[in-house]
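J.: Whole structure, please, built from the sequences with the hints as guidance.
Top line first, the protein sequences correspond to chains V and W. Note that our numbering numbers the first sequence so that position 199 is 215, with each residue one more than the last. Note that our numbering numbers the second sequence so that position 102 is 118, with each residue one more than the last.
You may find that some hints are simply not true.
For chains that are exact copies, the list does not tell them apart, and a pair is met inside one copy or across any two.
Subject to a maximum C-alpha distance of 25 Å in a straight line, what follows is the list of computed DMTMM-like cross-link-like pairs (lysine to aspartate or glutamate) [as the list claims (entries may be wrong)]:
# : residue 1 : residue 2
1 : K58       : E83
2 : K126      : D34
3 : K142      : D108
4 : K66       : E83
No lab work stands behind these hints: they were computed from the structure.
2 protein chains.
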Amino acid sequence: MKTLKIIKIGGNIIDDADELNYFLKGFSKLKGLKILVHGGGKSATALANKLGVDAKMIDGRRITDTETLDIVTMTYAGKINKTIVAQLQANDCNALGLSGADGNTILAEKRPVKNIDYGFAGDVVKVNTGVLKLLITNNIILVFCALTHNGNGQLLNTNADTIAAELAIAFAKDYYVELYYCFEKNGLLKDVTDNDSVIPFIDTKTYNSLIADGVITDGMLPKLNNCFYALKHQVSKVCIGKAEMLFNSNSKFTTIQE
Amino acid sequence: MKTLKIIKIGGNIIDDADELNYFLKGFSKLKGLKILVHGGGKSATALANKLGVDAKMIDGRRITDTETLDIVTMTYAGKINKTIVAQLQANDCNALGLSGADGNTILAEKRPVKNIDYGFAGDVVKVNTGVLKLLITNNIILVFCALTHNGNGQLLNTNADTIAAELAIAFAKDYYVELYYCFEKNGLLKDVTDNDSVIPFIDTKTYNSLIADGVITDGMLPKLNNCFYALKHQVSKVCIGKAEMLFNSNSKFTTIQE
Numbered sequence: 017m018k019t020l021k022i023i024k025i026g027g028n029i030i031d032d033a034d035e036l037n038y039f040l041k042g043f044s045k046l047k048g049l050k051i052l053v054h055g056g057g058k059s060a061t062a063l064a065n066k067l068g069v070d071a072k073m074i075d076g077r078r079i080t081d082t083e084t085l086d087i088v089t090m091t092y093a094g095k096i097n098k099t100i101v102a103q104l105q106a107n108d109c110n111a112l113g114l115s116g117a118d119g120n121t122i123l124a125e126k127r128p129v130k131n132i133d134y135g136f137a138g139d140v141v142k143v144n145t146g147v148l149k150l151l152i153t154n155n156i157i158l159v160f161c162a163l164t165h166n167g168n169g170q171l172l173n174t175n176a177d178t179i180a181a182e183l184a185i186a187f188a189k190d191y192y193v194e195l196y197y198c199f200e201k202n203g204l205l206k207d208v209t210d211n212d213s214v215i216p217f218i219d220t221k222t223y224n225s226l227i228a229d230g231v232i233t234d235g236m237l238p239k240l241n242n243c244f245y246a247l248k249h250q251v252s253k254v255c256i257g258k259a260e261m262l263f264n265s266n267s268k269f270t271t272i273q274e
Numbered sequence: 017m018k019t020l021k022i023i024k025i026g027g028n029i030i031d032d033a034d035e036l037n038y039f040l041k042g043f044s045k046l047k048g049l050k051i052l053v054h055g056g057g058k059s060a061t062a063l064a065n066k067l068g069v070d071a072k073m074i075d076g077r078r079i080t081d082t083e084t085l086d087i088v089t090m091t092y093a094g095k096i097n098k099t100i101v102a103q104l105q106a107n108d109c110n111a112l113g114l115s116g117a118d119g120n121t122i123l124a125e126k127r128p129v130k131n132i133d134y135g136f137a138g139d140v141v142k143v144n145t146g147v148l149k150l151l152i153t154n155n156i157i158l159v160f161c162a163l164t165h166n167g168n169g170q171l172l173n174t175n176a177d178t179i180a181a182e183l184a185i186a187f188a189k190d191y192y193v194e195l196y197y198c199f200e201k202n203g204l205l206k207d208v209t210d211n212d213s214v215i216p217f218i219d220t221k222t223y224n225s226l227i228a229d230g231v232i233t234d235g236m237l238p239k240l241n242n243c244f245y246a247l248k249h250q251v252s253k254v255c256i257g258k259a260e261m262l263f264n265s266n267s268k269f270t271t272i273q274e
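T.: This is the structure in structure tokens:
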């Protein structure tokens, strides 16, 4: 089976023109099949502020009312996605940007209202890989933004980490999938104040003990849950760390194993 | 050769939720191969107003400074394109939205500065149909927004009528291309105050005499120039009128012939 790298980038790269430029140059040169997934929450919040719309967050999750859905759609699928695609094209990387509505690639359902009404937030139901494989096998590099749809005309705001995990799982039947979560730290840190205290490998057992010891706290929990979720569904390899882990064999990062 | 319909819609449909819904239902049911191209100028101006950015227009053309490019990118490629794609999906039409940067499909160059500096406005240089044909032949319905790129990382704001004409011309080698410009009037009107005074056919000769008689004025000139430009480059058929011309054989519209 061929290897397919699925790489998720977040605000630390997207919101800094130099960082983004550096990352996209490196990404373009990466050998083999690859898909890029991007968030853009900080840019969406900045636009909301300019428009006088309150960005409502609960536990780090955005409450997506109608106005906020417009804002994230404009930011993620418009500004960020097309900026990335155009810059990849400049690096001879034939990129094509997608939301989950495009080609019906990612179907989701509106998150059920329990204690919190997240509004137009989507939980992924199904990834349709047909069109995606057609494009991948024709040397197109897919760039996914963090939007899905429900099949009934409703766009849904969907966590980019989750989209990356769900894409990785959907492709695991056909490819040896490596999932890379790029963020601002060198990896999972034993001491959150020491960026050199990277834990090189964790498995389910060490994961549970790290939670018990308070090393893994709120911010990292959903990210690591996505990692283990992917591994449980036949994704071959999951790594978290700085984007450099993709380009520089000497860099530190954390590999997550089952 | 198979027939490919290229259909351009503008503000009168895009800016009215009911009109858009009605149009997209009809578009979904249209038999045969089809591509949708949309503008969105009024929505972009509305967002510019909300953000306190002056929408600068000269002779109906937008002056695209950096802030305005962000606004049109968010509006065209984000909000409008993804809303249309999601609604088409709800009508069992497997739509996929694109800018000209996606898949390097429409290359343009920044319009040279002569008397007026249009800013980041693009004049189309080349349409690459390879990826588009791959998608079309796999039953994907393409939805183009009015953005292109220059291949060096710069997105460019490009007139949607022009994009429709350039796509039509690029596909004319492989398909019998019909180009439909949908706008708020029933067609080219002999008397601009009488929506029933549709001129059913015009050719180059009648076109020139209509200009001389003052029937074709500023607003219609660029649209009709696009029509004749397309016909001169092997596009088989060009029609202008209300979107109903696509769905209702009794409706009036103007067919342009060479």
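J.: Against this structure, judge whether each hint is valid.
T.: Evaluated hints:
1. Taking the shortest Cα distances, K58 and E83 sit within 25 Å of each other both inside one copy (16 Å) and across copies (18 Å).
2. Taking CA atoms no more than 25 Å apart as the test, K126 paired with D34 passes between copies only; the shortest distance there is 23 Å, against 36 Å inside one copy.
3. For the identical chains of this complex, K142 and D108 are inter-copy neighbours only, at 16 Å across copies versus 31 Å inside a copy, given an alpha-carbon limit of 25 Å.
4. Proximity of K66 and E83 under a CA criterion of 25 Å is satisfied in both settings, with 13 Å inside one chain copy and 13 Å between copies.
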